[in-house]
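Visitor: Sequence:
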Amino acid sequence: SSGINAEYGKDALDEATTELSLQSHKAQSTLAQFEAAQHQIEDLEGELLTYKKKANAAEKTSCELSRKVSEGERKLDEYKQALEELQAADENKRTEIRLLNKLVKEYTEKAEESADELAELSRRNRESRSKIEDLQREIVTLKSENTEYENVIVALESNSATDTVDNTAKLRKIE
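All letters in the sequence shown, in the order written, are residues 4 to 178 by this note's numbering.
Possibly wrong hints are sitting among the right ones.
[Unchecked claim] Below, simulated DSSO-like cross-link-like pairs (lysine-lysine); rule was C-alpha separation at most 27 angstroms, straight line:
id, residue 1, residue 2
1, Lys83, Lys71
2, Lys63, Lys78
3, Lys13, Lys29
4, Lys57, Lys71
Keep in mind the hints are simulated off the structure, nothing from the lab.
Whole structure, please, built from the sequences with the hints as guidance.
Guide: In structure tokens:
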């Protein structure tokens, strides 16, 4: 009977160990699932934060666009009002406007012509400066050559004076 009890105890222990092992395995599996779910939650929270930031940015952009649309509508109303005032003006005002537009066109053409003249004068000025620089270089070269010629003349005069003294001395010896 004690052998049966020992065997029964061993079977119960094996069964309890197996059950404990299964429970441990389930706990580890559940823990892994929990951690995976936790990571997924963190990822989703990060994604949610990104979308919130994008939504805030879009809302700011929307507000800015709304402000710009309102500003544009205000400007459009101003232009409409100005147009109505111009249309309501008498013929003298219309004539004045045509005259002013003509003057603006004429002065624009004159300004373009002046710009072309300025460009031409600038080109000529650059050419003149280039010519001046060439002439200055030529002057420096000529001065350098002049200095060389002066040195040659001094040397020749010195040689001539020496030759004259030598010739005078020779003449005196001959006499």
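Visitor: Now, for every hint given, state plainly whether the structure supports it.
Guide: Results for each hint:
Distance restraint check for Lys83 and Lys71: the Cα-Cα separation of roughly 18 angstroms lies within the 27 angstroms cut-off, and the hinted pair is therefore satisfied. Of the supplied pair hints, the one linking Lys63 and Lys78 holds, its CA atoms being roughly 22 angstroms apart against a limit of 27 angstroms. Taken as a hint, the Lys13 and Lys29 pair is honoured in the structure, with Cα atoms around 24 angstroms apart against an allowance of 27 angstroms. Restraint check for Lys57 and Lys71: the C-alpha separation of about 21 angstroms stays at or below 27 angstroms, so the hint holds.
This entry satisfies every hint, going by the numbered hints stated previously.
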